[in-house]
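J.: Chain by chain, the residues run as shown.
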Amino acid sequence: MAKTALQFRHNGRDVAIFVDGGTNLLVALRELIGDMTPKFGCGQGGCGTCSVLIDGELHLSCLTLAETVAGRSVETLDGIKDGPNLHPLQRAFADNFAAQCGYCTPGMLMAAKALLDRNSQPSRAEVVEAISGNICRCTGYEPIINAVLAAASVSRARA
Amino acid sequence: MPVTVKTFTSSGEAAAALSSDRSARYLGGGTLVMRALNEGDVSISTIVRANDHAMMRIDATGSRVTLGAGVTFARILAERDLAFLHPPARSIGGPAVRNMGTVGGNLFASNPYGDFTVAMLALDATVSVQGGLGSREVPIEEFLQSRERQTGTLVLAISFTKPASADAFRYCKIARIKPKGGAVITLAAYLPMNGSRIVGARVALGSMAPIPIRARAAERALEGRSLDASTISAAATAAVEGTSPGDNALASAWYRREIVGVHLRRLLSGQE
Amino acid sequence: MTRHRGRGIASVNYPIGMNLGGDPSQALVHSNPSGKFTVALSSIDLGQGMKSVTRQICAETLGVPVEDVYVDTADSDTGPHCMGSFASRGTHRVGNAVMAAAREARGVMMEAAAEELEVNAADLETDGRGNIHVKGAPHRSISTKDVAIAAQFKQGKTISGRGIFLVPLSDVDPETGEMSPATCYAHACLVAEVEVDDETGEVAMVRMDSAYELGRALNPRLVEQQLVGGAWMGVSHALYETPEPYYPDPVHGPRDFVEYLMPGPGDICPHDIAVLERPAPDGPFGAKGPGEMCANPVLPAVANAIFNAVGVRIDDLPITPEKVLRAIKAQGGARPQARR
Amino acid sequence: MLELRKDIFADERDDNLKEIGKGTQRQDMLGHVTGTSPYFDDHKLQGMLHLKVVRSAHSHARLRRVDTSEAERSQGVRRVIRGSDVPRNLNTLLSLINFGKDDEPSLAVDKVRYKGEPIVAIVAESPREAYEAIAKVKIDYEPLPAVFDVEEALKPGAPVVNEVYPKNTFTYYETYDHQKLRFGDADRALASADHVLEQRYEMSPIEHAPTETNGSIAAPDTNGRYIVYTSTQALFFSVDTCAKILDVPSNTFHFIGGTVGGGFGGKVDTLTEPLCILGAMLTGRPVRYVFGREEEMQYGPPRGAERIYIKDGVTRDGRIVARKIRAYFDSGAYTRLSSYAAVKCAAHLPGPYTIPNVYGDVYCVFTNRTPATAMRGFGVTAMDFAIECQMDKLAHLVGMDPMEFRILNAYRDGDMKAHRREAKNTALIECVQVAAEKAKWPIREEFKRMSSRKDGGGARAAVTPTPRETHAPLAAPPQQRTTYDRPPVATREPPPPPPPPVSPPPSRPTAPSHGATRFSSVFGTRRR
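Residue numbers (the numbering used here), protein chains in the order written: chain A, 1 to 159; chain B, 1001 to 1272; chain C, 2001 to 2340; chain D, 3001 to 3528.
There could be a bad hint or two in this list.
Quick list of in silico lysine-lysine cross-link-like pairs, DSS-like style, CA-CA up to 30 angstroms [said to hold, decoys possible]:
no.: 1; chain 1: C; residue 1: K2036; chain 2: D; residue 2: K3018
no.: 2; chain 1: D; residue 1: K3438; chain 2: B; residue 2: K1178
no.: 3; chain 1: A; residue 1: K81; chain 2: D; residue 2: K3022
no.: 4; chain 1: C; residue 1: K2329; chain 2: D; residue 2: K3136
no.: 5; chain 1: C; residue 1: K2145; chain 2: D; residue 2: K3018
no.: 6; chain 1: D; residue 1: K3180; chain 2: D; residue 2: K3311
no.: 7; chain 1: D; residue 1: K3022; chain 2: C; residue 2: K2145
no.: 8; chain 1: D; residue 1: K3180; chain 2: D; residue 2: K3155
no.: 9; chain 1: D; residue 1: K3136; chain 2: C; residue 2: K2157
no.: 10; chain 1: C; residue 1: K2135; chain 2: D; residue 2: K3018
no.: 11; chain 1: D; residue 1: K3311; chain 2: C; residue 2: K2323
no.: 12; chain 1: A; residue 1: K3; chain 2: B; residue 2: K1006
no.: 13; chain 1: A; residue 1: K3; chain 2: D; residue 2: K3438
no.: 14; chain 1: D; residue 1: K3311; chain 2: D; residue 2: K3167
no.: 15; chain 1: C; residue 1: K2323; chain 2: D; residue 2: K3155
no.: 16; chain 1: C; residue 1: K2329; chain 2: B; residue 2: K1178
no.: 17; chain 1: D; residue 1: K3136; chain 2: D; residue 2: K3167
no.: 18; chain 1: D; residue 1: K3022; chain 2: C; residue 2: K2036
no.: 19; chain 1: A; residue 1: K81; chain 2: C; residue 2: K2036
no.: 20; chain 1: B; residue 1: K1178; chain 2: C; residue 2: K2323
no.: 21; chain 1: C; residue 1: K2154; chain 2: C; residue 2: K2135
no.: 22; chain 1: D; residue 1: K3044; chain 2: A; residue 2: K81
no.: 23; chain 1: B; residue 1: K1006; chain 2: D; residue 2: K3136
no.: 24; chain 1: D; residue 1: K3440; chain 2: C; residue 2: K2135
no.: 25; chain 1: C; residue 1: K2154; chain 2: C; residue 2: K2329
no.: 26; chain 1: A; residue 1: K3; chain 2: D; residue 2: K3044
no.: 27; chain 1: D; residue 1: K3448; chain 2: D; residue 2: K3438
Beyond 10 angstroms from chain B on every Cβ pair, some chain C residues (computed) [as the list claims (entries may be wrong)]:
no.: 28; residue: K2145
no.: 29; residue: E2199
no.: 30; residue: H2252
None of these hints come from the bench; they were simulated from the model.
Model, not experiment: these values are computed from the prediction.
By construction, the Cβ of each residue, glycine as well, lies at the ideal position given by its N, Cα and C atoms.
Using the sequences and the hints given, assemble the complete structure.
T.: What follows is the structure in structure tokens.
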């Protein structure tokens, strides 16, 4: 099968892989790069567990043709820590017990990051909107909303 | 057969590739085509892409608005001149889908998707398509009626006349799930006023037929009248006329018929 | 447009475990030479917190800090048998097995400490911070780390324990249904407040107040996770979910998360919860199990609230806007009941 | 917001604990927020193949011919698996506890019994190649009449869904087509009740919808073993089920799981592991079999539907004197776990209330739909819905406050439950009282003072004489009303206190015998 060479930035690092025609970014990240943080939840665009940032914008990696990210920057949950330190959102999710099975957590965190990167002081309604493309079956969303608001208030306190 | 990806710099070449290959699909935002591939649709074996800047353009400066087919909903939401389209753009998916999904792709999204197209229908938009035989302008209603046969054509852009006032265009999507949910029904109304009278009313409905349709009886009830309680009531009563909704996972045909008038009334009286 | 508010209640109990099949679970606990403990299970954590709650049970029983315990689970080569994570059995059954294993390990640890301190093991106690000392004489102390080293390299003892908790299967009398289906019961009562749109049949949640009796909240944060998430699932079951929207006619089944309806983050409502603790005599530290029952009272409470709001009874789940609207139309309009 | 009411039942607890009762952080939280918690699909193996199944297009059909020849030649296909390749192509999950007959093939052979039933498995180099091969499998179906309604399925002449159970019901104790509960004389009590209310309730199926779909990865390991990464909720259930279906010793497998992306009961059925391991056995390569979302929603087992009829007798002052229930579990085409749920459901009757006469018949019915399985609240959720809606209607019928009505009828320590065990450690009354307080729902003083620990037992511990055989129900006296929507004028007098204790206390039922013949207590024992 003919493969296409593909280079892009993955969490700040240049990577080069060969992809089959039609390969989606989720498969490329997980199976070819070995970044298991984005998860497969539906392959339909309905659950958000595969969410990543492409050039800073929230995208669904399962619906992204891998070769369309050539030369672009892809950020996953694996890249949001600051060295050994958790990102404020990760800490807030933990402090608020905003994960149970943990499967939606990577996508939720990326959706939340996409919000806070643009809007450091979101309202509750804005948080609700920001995570609305992500399905959580365990928590009832309330702890997740609280965690995002808490992370925002931490960054506000720092600023 | 493995999937082949063909990327072109011009829309013309892309259109030619698309029309010459029955197994080819044009890749816009990916929400339809990539999903189909993920779910094992083996009828698609060629993906066609075009890096044509014209397809990414938004022209909203004049009275006529042109949206390139590749314009995403997020870009519409970022455009102040297109504030009247923010409600339909915001009603699509969640943030990620709005960053990906395009105006052109939405024309092909069947129930319970395709809400933006309902807004386009109420604006009586024109769809610019490029087929094997060159480009042409197709009224959106005509485009939708032949949508099933359009997989081989490339949509370049969609254009429409900007509403004269912010109040003249109204939109609402009735979804069970908030803030992101599939449509039970979708309503869009364009109510240009001449003095106190509505002239040229257009009402479009989603999920009230296999494709978005115009509610002509409701339009007739509005035409030439002022938007008062009795006009609204007459339009609401007429809303269901000519519709042919189906049952699906979100609601039954019966329910859609029951509520379409209620929601049209609320939309027209500013309650929704 | 008229929206009507109403309140409804429901109270329930829930059986813990699956006695009807025979219900065993096992656990192994052992220490490494630094006095850090591993719990080996084959039980599953599907988000309910199995690893975390058994870790606390083990630490409490051993008398060591929770940081000194790690739970390793679901490896069929290393984890001893467990029926599985279902029937609200995890906390109760696996918790009891871990307690038994930890008690045995603690026994060895105390013997080893006694040998080092040259006292009788019965005179020793743990301080919960990683030390073992003579009762009433805290200065005569040894760390669990030193005990572990001594046990391993000097005394030749394994600080380890095996635990099983078995609820033998219950016979069932075919004629009367006489049986012992469960070992203990959790309880709940929930009040739901809804708002019903009488023109569209749409139901919105306004708030919930509830009381859950769970034996003991081994970890209140984990209990809160279950109760908040479970109540959300209850709302979801009550108003939204079905893979067969026209049951029993098997048509128009949802294929994705747009067609399969579950409340989104914009559909949730405040939920004020009280937790009561009446310890189960056979539960680990009295615990029962909140995982399954938390959704159950929500469904009927919502149905009863809808009746209170508009006077219609919807006896078929899920309670869709269509069913509410049909019922309202059938009775000739909304009939709000006495506000309560 | 969660409040711990330590003041209630404080005398029954020792709260002097160090780790228990603390809101300690989850052991797995750091893994979750960093995306490093290892789910089954996070294992990347060299040369992994992909398994997809061909599913039935019909709800009920005979398979005249299944032609896989073109699929076998399709590019990238490494193996096509048929029913005849499965060593023991008939199983029922609870055979591991010796409950029920083997009734379900891994791959359908002669007949399909629900739409979406697996018929052929394709193992290929890529998912795409597997899908392409699926499109080349030719199946000649002879459609058969199907039955989808539980009560229709029980009628004479209904299509037989599953030949193992020709009456379309699970067989209990090799005798009955339903699970019985008999406690007292419900018909007699109904005849003397002031009001009788009979209602029908139904719950459609419910999908677990875990964010992680069902799946597994199986790979040949050293020394002839197979390593299996799995989303199972019940590790040894899956190990032993695979050992049985594949007819190898259970220690052939090394199962690894334990971190699962939500289950809620939908990952008990060992849906993917047997074929996945078989694929690895037949190709010598790692094989991955993961459900797509549509598969999970439509062909993964749901919480089964239930239809419930309740007939209650209640006195004017609000005491329920009889409850008669007929319930149907819609098991779909195969048993899975519904047979068990029916028994658990019977034991749950009549809910957390002390009712002296209870009569229950619970059926596990086969229909031509996706087999049902366990889900959070299994056997209880729908029944609680029915009972609690019924309680609300009864309260309305007798003109009582629904909270007070529940407290009045609530079971208390020492009462006899309908499954003939003494109620102990009860706390329903306190829950109602606290919920009322939280919701600012006014209840009268005497109801605030009632307690689960007071006034139970005595006459309430008696087992009412239970007729051996059912007799024709007596005609309802004319004063009975059976609607709830026009309540009589509320009687706001407090109800009489519970009956005083009588002595001597009734004899306790004998303890259950262990190791009964119908259930094997030795988990994992396989009968060959």
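J.: Would you mind marking each hint as holding or not holding in the structure?
T.: Comparing the hints with the structure gives:
1. Between C:K2036 and D:K3018 the alpha-carbon distance is near 18 angstroms, which keeps this suggested pair within the 30 angstroms criterion.
2. With a C-alpha separation of about 28 angstroms, the suggested pairing of D:K3438 with B:K1178 holds against the 30 angstroms cut-off.
3. For the hint pairing A:K81 with D:K3022, the CA-to-CA distance comes to about 28 angstroms; that is within 30 angstroms, so the pair holds.
4. For the hint pairing C:K2329 with D:K3136, the CA-to-CA distance comes to about 51 angstroms; that exceeds 30 angstroms, so the pair is violated.
5. With a C-alpha separation of about 19 angstroms, the suggested pair C:K2145 and D:K3018 falls inside the 30 angstroms cut-off, and the hint holds.
6. A hinted pair counts as satisfied when its Cα atoms are at most 30 angstroms apart, and D:K3180 with D:K3311 qualifies at roughly 16 angstroms.
7. For the hint linking D:K3022 to C:K2145, the alpha-carbon distance of about 24 angstroms falls within 30 angstroms, and the restraint holds.
8. Note on D:K3180 and D:K3155: the hinted pairing holds, with a Cα-Cα distance of about 20 angstroms set against a maximum of 30 angstroms.
9. With a C-alpha separation of about 64 angstroms, the suggested pairing of D:K3136 with C:K2157 is violated against the 30 angstroms cut-off.
10. This hinted pair checks out: C:K2135 and D:K3018 have alpha carbons roughly 17 angstroms apart, not beyond 30 angstroms.
11. Restraint check for D:K3311 and C:K2323: satisfied, since their Cα atoms lie roughly 23 angstroms apart, inside the 30 angstroms limit.
12. For the proposed pair A:K3 and B:K1006, the alpha carbon gap of about 13 angstroms is at most 30 angstroms, so the pair holds.
13. Taking the CA atoms of A:K3 and D:K3438, the gap is near 63 angstroms; set against the 30 angstroms cutoff, the hint is violated.
14. Restraint check: the Cα-Cα separation between D:K3311 and D:K3167 comes to about 26 angstroms, which is no more than 30 angstroms; the hinted pair holds.
15. About 28 angstroms separates the Cα atoms of C:K2323 and D:K3155, which keeps this hinted pair within 30 angstroms; it holds.
16. Only pairs whose Cα atoms come within 30 angstroms are accepted, and C:K2329 paired with B:K1178 is accepted, the gap being roughly 26 angstroms.
17. Proximity of D:K3136 to D:K3167 is assessed by CA-CA distance (about 37 angstroms); at most 30 angstroms being required, the pair is judged violated.
18. Straight-line distance between C-alpha atoms of D:K3022 and C:K2036 comes to about 20 angstroms, which keeps the hinted pair within the 30 angstroms bound.
19. The suggested pairing of A:K81 with C:K2036 holds, with an alpha-carbon distance near 28 angstroms, which does not exceed 30 angstroms.
20. Annotation: proposed proximity of B:K1178 to C:K2323 holds, straight-line Cα distance about 20 angstroms (limit 30 angstroms).
21. Restraint check for C:K2154 and C:K2135: satisfied, since their Cα atoms lie roughly 24 angstroms apart, inside the 30 angstroms limit.
22. Annotation: proposed proximity of D:K3044 to A:K81 holds, straight-line Cα distance about 23 angstroms (limit 30 angstroms).
23. A hinted pair counts as satisfied when its Cα atoms are at most 30 angstroms apart, and B:K1006 with D:K3136 qualifies at roughly 26 angstroms.
24. With a C-alpha separation of about 49 angstroms, the suggested pairing of D:K3440 with C:K2135 is violated against the 30 angstroms cut-off.
25. Straight-line distance between C-alpha atoms of C:K2154 and C:K2329 comes to about 83 angstroms, which puts the hinted pair past the 30 angstroms bound.
26. This hinted pair checks out: A:K3 and D:K3044 have alpha carbons roughly 20 angstroms apart, not beyond 30 angstroms.
27. At most 30 angstroms may separate the alpha-carbon atoms for a hinted pair to count; D:K3448 and D:K3438 meet this at roughly 13 angstroms.
28. The non-interface label for C:K2145 is consistent with chain B: the shortest C-beta to C-beta separation is roughly 49 angstroms, beyond 10 angstroms.
29. Not every C-beta of chain B lies more than 10 angstroms from that of C:E2199, the closest at about 5 angstroms, which undercuts listing it as non-interface.
30. The beta carbon of C:H2252 sits about 5 angstroms from the closest Cβ of chain B, which is not more than 10 angstroms, so the claim that it is off the interface is violated.
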